[in-house]
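Engineer: Top to bottom, those sequences are chains A and B.
The opening residue of the first sequence carries number 1 in this note's numbering; numbering runs sequentially from there.
The opening residue of the second sequence carries number 1 in this note's numbering; numbering runs sequentially from there.
There may be inaccurate statements among the hints.
Facing chain B, according to a computed beta carbon distance under 8 Å, are these residues of chain A, among others [as the list claims (entries may be wrong)]:
1. 18
2. 19
3. 57
4. 79
5. 81
6. 87
7. 89
8. 91
9. 207
If you're looking for bench data, these hints aren't it; they were derived computationally from the structure.
Keep in mind it's a predicted model, so treat the numbers as computed, not measured.
Positions of the beta carbon are idealized from the N, C-alpha and C atoms, including for glycine.
Here is what each chain is made of, one letter per residue.
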Amino acid sequence: MNVFSTLLARDLKLAIRQSADSLTVVAFFAIATVLFPFGVGPETNVLERISGGVLWVTALLAALLSLDRIFTVDYEDGTLDQLVLTGQPLSIVVLAKITAHWLTTGVPLLIVSPLLAVTLHLPTAGYAPLLLALLLGTPTVSLVGAVGAALVLGTRRGGVLLSLLVLPLYIPVLIFGAMAVEAATTGRSATPELLVLAGFAVLAVTLCPWATAAAVRQAVE
Amino acid sequence: MSGDSFTAGTFSGSNLACRRGGRLVFTGLAFSLPAGGALILRGANGSGKTTLLRLMAGLIPPTAGHLAWSDQPLDDSDEHAAKLRFVSHLDAVKPALSVAENLSFWSALWSGRIDDAATLRAMDAFGLRHLATFPGRLLSAGQRHRLALARLLVAPAPLWLLDEPGNALDEASLGALTAAIADHRGRGGSVVVASHGSAFVNDGNTLDVGTFTPKTAVHWSDDADEESAA
Numbered sequence: 001m002n003v004f005s006t007l008l009a010r011d012l013k014l015a016i017r018q019s020a021d022s023l024t025v026v027a028f029f030a031i032a033t034v035l036f037p038f039g040v041g042p043e044t045n046v047l048e049r050i051s052g053g054v055l056w057v058t059a060l061l062a063a064l065l066s067l068d069r070i071f072t073v074d075y076e077d078g079t080l081d082q083l084v085l086t087g088q089p090l091s092i093v094v095l096a097k098i099t100a101h102w103l104t105t106g107v108p109l110l111i112v113s114p115l116l117a118v119t120l121h122l123p124t125a126g127y128a129p130l131l132l133a134l135l136l137g138t139p140t141v142s143l144v145g146a147v148g149a150a151l152v153l154g155t156r157r158g159g160v161l162l163s164l165l166v167l168p169l170y171i172p173v174l175i176f177g178a179m180a181v182e183a184a185t186t187g188r189s190a191t192p193e194l195l196v197l198a199g200f201a202v203l204a205v206t207l208c209p210w211a212t213a214a215a216v217r218q219a220v221e
Numbered sequence: 001m002s003g004d005s006f007t008a009g010t011f012s013g014s015n016l017a018c019r020r021g022g023r024l025v026f027t028g029l030a031f032s033l034p035a036g037g038a039l040i041l042r043g044a045n046g047s048g049k050t051t052l053l054r055l056m057a058g059l060i061p062p063t064a065g066h067l068a069w070s071d072q073p074l075d076d077s078d079e080h081a082a083k084l085r086f087v088s089h090l091d092a093v094k095p096a097l098s099v100a101e102n103l104s105f106w107s108a109l110w111s112g113r114i115d116d117a118a119t120l121r122a123m124d125a126f127g128l129r130h131l132a133t134f135p136g137r138l139l140s141a142g143q144r145h146r147l148a149l150a151r152l153l154v155a156p157a158p159l160w161l162l163d164e165p166g167n168a169l170d171e172a173s174l175g176a177l178t179a180a181i182a183d184h185r186g187r188g189g190s191v192v193v194a195s196h197g198s199a200f201v202n203d204g205n206t207l208d209v210g211t212f213t214p215k216t217a218v219h220w221s222d223d224a225d226e227e228s229a230a
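Just chain A, with the same shape it has in the complex (with noise of 0.2 Å):
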């Protein structure tokens, strides 16, 4: 066992345990999507050009809420401290605790966005790039997240920092996912704009950690 494998086996437990957290951020994502039908009228050709993007605004919106979730409760018991200690590198041990949060985020997410698709009648050929968009987006959201979760460890009403620092951030994931969607339905193919979100995600699980141990190492100090 090592320390990645142990610490993301605790972090799943515990999500379980409490697993009224990564519900919430699903139910989240469910209610904010089916107001765009009732916000914009039920007409299925706006729906359909525009459900890629909803979905994906959505998603990083719920996302969002849940970022803070990575380090906080961990920084205000102490645990924080103790992970510092390891005698690790840092990186393997935030990169453990970035995994189990898109696994108890993204997944559930990407999971719900078929169904949610269907209230936005996306057309049958939006699905597969729209799930495999979500795949390649979604590590890259959390790693991106947890970059700024970090830097906001103990400031006041660290939220709305986190939202604005991250938000920004998560354009280019944002174009480039919900172009995915409307390639396909316009009959072209999706295949560049899903090689380039691979690209972000390889640059994020690049860099992210490394920056995100950084921040963590400023905040226990």
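Guided by the hints, dock chain B onto chain A, whose structure is given.
Structural biologist: The following block gives chain B in isolation, referenced to the frame of chain A:
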């Protein structure tokens, strides 16, 4: 308790200074802690005992001076961290995990394997065995603190840094802590305790952190000048 002994050598610090929030907490502080030794940190509230402990743990970098193991200056904070256990006033107990789960998590994290025997020994040492399946959220403050202290025993490390370890403990638990520290020192481990009253460390050296606190006003301007010059 496991029979292995430690060969980590002498832990020392020389000419240490630390600035927190623009204020120089202490300066010119030095200590030396041989294997098997104990250092008791004294000082009024706010004199910097906790700051010094966190600095010794490597959580805070010293503003000046350095820490060393056997006169080898410390350059790898992860290597240093692997040699120490830090018990702060925050107990790091997860409310949703049971007492045994809380302990076995740290045991697995530090020793790299699941060691149920060590977890049981640690629970026995601090009278937590009957609470093994109790969730952390139902523990009293004293029980939570005992759980934090029991972490010291789940995976061996030569240096213990304890911040007010006697807080919230009853007579029996103070005895258990005294015994745990004596056993740890008997095996060549060393311990630093920040404490007001201390019945649980015998023949340790005392370091009054308050005597290294600079006269605030003077050093304030000195430091400000240094910074603006740099």
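Engineer: Work down the list of hints and note, for each, if the structure agrees.
Structural biologist: Results for each hint:
| no. | hint | result |
| --- | --- | --- |
| 1 | 18 | 6 Å, holds |
| 2 | 19 | 10 Å, violated |
| 3 | 57 | 32 Å, violated |
| 4 | 79 | 4 Å, holds |
| 5 | 81 | 6 Å, holds |
| 6 | 87 | 3 Å, holds |
| 7 | 89 | 7 Å, holds |
| 8 | 91 | 11 Å, violated |
| 9 | 207 | 20 Å, violated |
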